[in-house]
Every structure is written in structure tokens, then in C-alpha cells.
Amino acid sequence: MNKSVVAFFAIGFALSAASSGATTEQHHLMSQQIAPDFRLEEIAPNIFAFVSNNTTDSCEDGNTTIIITDEGVVVVDAPSTYLSEQHLAEIRKLTNKPVVYLIDTHFHPDHVFGNHVYKDAFPGLHIIAQDYTKAEADRRNPYMLAHYQGPGGKAVQEALRKQAETGIDLATGKPLQGYDLVHAKIDYAECMPHLAASERTRLVSPDMTYSESLTLTLGGTVIKLMHFEGHTVGDTVVYLPQRNILITGDLVIGPVPYGGDDITEKWNGSLETLMAIHASVIVPGHGEIEFDNSYMQLEHDLLSSLMAQADVAVIRDDTSEQFKKTLDLSAFKAKIVGNDPDLDWAWRNFFIGPAADRAFDIARGGVGG
Numbered sequence: 395m396n397k398s399v400v401a402f403f404a405i406g407f408a409l410s411a412a413s414s415g416a417t418t419e420q421h422h423l424m425s426q427q428i429a430p431d432f433r434l435e436e437i438a439p440n441i442f443a444f445v446s447n448n449t450t451d452s453c454e455d456g457n458t459t460i461i462i463t464d465e466g467v468v469v470v471d472a473p474s475t476y477l478s479e480q481h482l483a484e485i486r487k488l489t490n491k492p493v494v495y496l497i498d499t500h501f502h503p504d505h506v507f508g509n510h511v512y513k514d515a516f517p518g519l520h521i522i523a524q525d526y527t528k529a530e531a532d533r534r535n536p537y538m539l540a541h542y543q544g545p546g547g548k549a550v551q552e553a554l555r556k557q558a559e560t561g562i563d564l565a566t567g568k569p570l571q572g573y574d575l576v577h578a579k580i581d582y583a584e585c586m587p588h589l590a591a592s593e594r595t596r597l598v599s600p601d602m603t604y605s606e607s608l609t610l611t612l613g614g615t616v617i618k619l620m621h622f623e624g625h626t627v628g629d630t631v632v633y634l635p636q637r638n639i640l641i642t643g644d645l646v647i648g649p650v651p652y653g654g655d656d657i658t659e660k661w662n663g664s665l666e667t668l669m670a671i672h673a674s675v676i677v678p679g680h681g682e683i684e685f686d687n688s689y690m691q692l693e694h695d696l697l698s699s700l701m702a703q704a705d706v707a708v709i710r711d712d713t714s715e716q717f718k719k720t721l722d723l724s725a726f727k728a729k730i731v732g733n734d735p736d737l738d739w740a741w742r743n744f745f746i747g748p749a750a751d752r753a754f755d756i757a758r759g760g761v762g763g
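Read in order, the letters of the sequence shown are residues 395 to 763 in this note's numbering.
Simulated from the structure, these hints should not be mistaken for lab results. No false leads were mixed into what you were given.
Below, a list of computed lysine-lysine pairs in the DSS-like style, where the Cα atoms sit at most 30 Å apart:
| # | residue 1 | residue 2 |
| --- | --- | --- |
| 1 | Lys579 | Lys568 |
| 2 | Lys579 | Lys556 |
| 3 | Lys556 | Lys568 |
| 4 | Lys719 | Lys660 |
| 5 | Lys718 | Lys729 |
| 6 | Lys568 | Lys718 |
| 7 | Lys579 | Lys729 |
| 8 | Lys491 | Lys513 |
| 9 | Lys548 | Lys513 |
| 10 | Lys727 | Lys660 |
| 11 | Lys487 | Lys513 |
| 12 | Lys727 | Lys579 |
| 13 | Lys579 | Lys548 |
| 14 | Lys618 | Lys487 |
| 15 | Lys660 | Lys618 |
| 16 | Lys618 | Lys491 |
| 17 | Lys660 | Lys729 |
| 18 | Lys719 | Lys568 |
| 19 | Lys718 | Lys660 |
| 20 | Lys568 | Lys727 |
| 21 | Lys729 | Lys719 |
| 22 | Lys618 | Lys513 |
| 23 | Lys548 | Lys568 |
Produce the entire structure from the sequences given, and follow the hints as far as they go.
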């Protein structure tokens with residue numbers, strides 16, 4: 395797909411706080427732990443973010459941003475039914491204004507499965523997405539939801555239960571060791587309410603789409619939507635120029651990036667354009683709110699090294715397995731993971747394997763989605 399705009403927005407999470415010498419709390423107007431799964435952060439007057447705490451769990455959710463104006467509310471991303479129902483309850487405490495627009499930054503379920511929660515509460519609202527995102531949501535998500543609500547979902551719940559109770563890795567049949575065993579118990583406890591809530595989920599498709607850019611003005615607040623490519627072909631970045639706030643979707647993922655089949659070779663170009671904004675506040679798709687480019691730069695450099703090594707491996711005519719044996723991202727792992735066992739679990743399970751596979755595919759000419 396031709397992409398005239400390959401970037402223009404943001405990135406973030408809490409790693410840059412260490413490099414800047416400031417804590418993220420110093421930047422927030424208000425921070426409140428609402429439930430075990432998420433916090434409410436006021437990042438500017440009348441602009442809030444629900445920051446999900448489960449980004450390193452198997453049932454992860456994306457962040458949600460709330461923009462309150464005199465004429466109504468704009469919501470960016472609606473994760474699981476379980477969280478979106480709680481988010482809406484908190485929005486009602488913040489304002490009696492209706493939600494007028496819901497923006498889907500991309501089609502992945504952890505950003506759109508809660509669409510129905512807002513549509514049911516505000517039947518007149520418009521759900522907006524980039525053209526490709528709507529098409530892929532309509533094509534892929536019915537099968538994904540059928541899986542969660544059918545035998546597949548029950549099998550996932552049973553597998554999580556068995557691993558937690560027996561300590562046996564169902565994939566290998568071997569006992570789980572160290573933090574992997576701890577994580578199996580956490581996953582079971584934290585995923586159950588999400589999977590149970592999926593029974594209430596119904597798909598609601600975007601009713602407004604755009605190709606490359608769209609500008610909304612609501613209650614005097616200017617909201618710019620721009621089409622990027624990287625995490626998927628149809629990423630949307632939301633920019634609030636009056637506040638210099640970027641809402642990046644999954645072009646920025648913390649505290650550990652995710653790898654996956656939808657990644658495209660244009661991700662780094664998008665990050666370069668976003669960093670050129672020098673946003674005051676960056677709301678990533680997952681992870682902590684950021685206030686400078688530090689983490690985005692780290693994510694960019696990680697992806698650059700990954701792709702460069704994949705290109706060399708293809709030139710050498712290596713197999714995928716040979717490439718993964720020679721791949722060295724240890725310097726980046728040290729910066730991102732450190733000695734944190736939870737981040738190490740996420741690095742092993744969410745990033746290094748799927749990202750290596752995808753980078754090798756891209757180096758051989760594969761096209762992302």
C-alpha cells in the first residue's frame with residue numbers, strides 16, 4: 395500500500411524517566427490507581443490516560459486516552475471489554491459529556507474489542523479508523539472473537555489453569571522453573587476476568603475512515619489523525635498540536651516491545667518522524683507515559699540492529715534458525731530488561747522470538763500486515 399506519510403507522532407514509557415533524572419509522577423497533574431489492572435493519569439488539563447498495568451501479561455491491554463472538551467469526549471482505543479467497562483465508569487465520574495468520537499489506532503483486539511462498550515452507551519458516537527485498519531478488523535476479528543468465545547477460549551483458560559496448578563509447561567511437558575512458574579500463576583489469576591468478559595464482547599466496526607490524514611475540531615480542541623506504518627500497515631497516530639501531545643498506538647510499546655507478524659519494515663522511519671516532533675507528552679500503545687524521546691530512540695535503535703542483522707543473515711544465505719542463533723541484541727536487552735524477571739519473561743515471550751522471525755521474513759522480502 396502506498397504510504398505518503400511514514401511518520402509524525404510519539405512514543406513512550408517509563409524508561410526515559412531514569413535517563414532524564416525525573417520521575418513520571420512529577421509530570422502528571424494527577425495519578426490514581428483505579429483497579430489492579432490500570433491507573434488514571436491526568437497528563438494535561440482535561441486530558442487523561444488509562445495506563446494498563448498488564449502489558450507483560452498474556453492477557454495484555456492497550457492504553458486508552460480520554461480528551462474532554464466542552465462539546466463532548468474523544469476516546470483513543472478501547473481495549474478488552476473487561477477494562478473498557480471500567481474505563482467508561484471512570485469517564486462518567488470525570489464528565490457528563492457524551493463520547494462523540496472513538497479512535498481505533500489499529501485493528502488488534504487489545505485496542506478495539508471494547509468498541510461495543512462505548513457504542514452501547516453512546517449510540518450516536520462515531521468510531522474512526524484508517525482504511526486498512528477497518529478492512530482488517532472486519533476480516534480478522536470475527537475469527538478472533540469466535541476463538542475467544544468458543545472452544546478455543548475454553549482451551550486457553552484450561553491451559554492457563556493447568557500450568558498454574560501443576561507447574562508444568564504444556565508446550566514442552568517440562569516443569570516450569572523460576573519466574574516462569576511465578577508468571578504462570580499470575581497469568582491465570584489476571585487473565586480469568588478478561589476471558590470471562592469476552593463472553594460479553596460483540597464486534598463494532600468503525601463507521602468513519604480516512605486514508606492519510608484527518609483533522610477533527612471539537613469544543614475548540616484540534617485533534618489530528620495521521621496514517622503511519624510500522625506496527626501494522628494501518629497505524630493511526632493522534633496529535634494534539636495545542637498541547638504538543640502524541641498518542642502513538644503500538645508504534646511505541648513499553649516496557650518491552652512486542653514482535654509479531656504484522657510488523658513492517660517502515661516502523662523505524664515512522665519512529666524517526668515521531669521523534670522529530672519532540673512532543674511534551676507521549677502516550678504509547680502500552681507502557682508508561684513518556685515526556686521525551688529517550689525510550690523511542692531506544693526502541694528505534696533496537697529495531698535497527700535487529701533488521702541490520704537480519705539483512706546480513708539473508709545475504710549470507712542463512713536459515714531462520716541460523717539467524718536466531720547468531721542474533722545479538724544483548725546490549726539492548728540489558729537496557730530494557732536489566733535484572734527484572736518480569737521484563738525478562740516479556741522479552742523472551744513477546745519480543746525476541748516473534749520479532750526475529752518477522753525481521754528475517756522482511757529481509758527476505760516479506761510484506762507485513
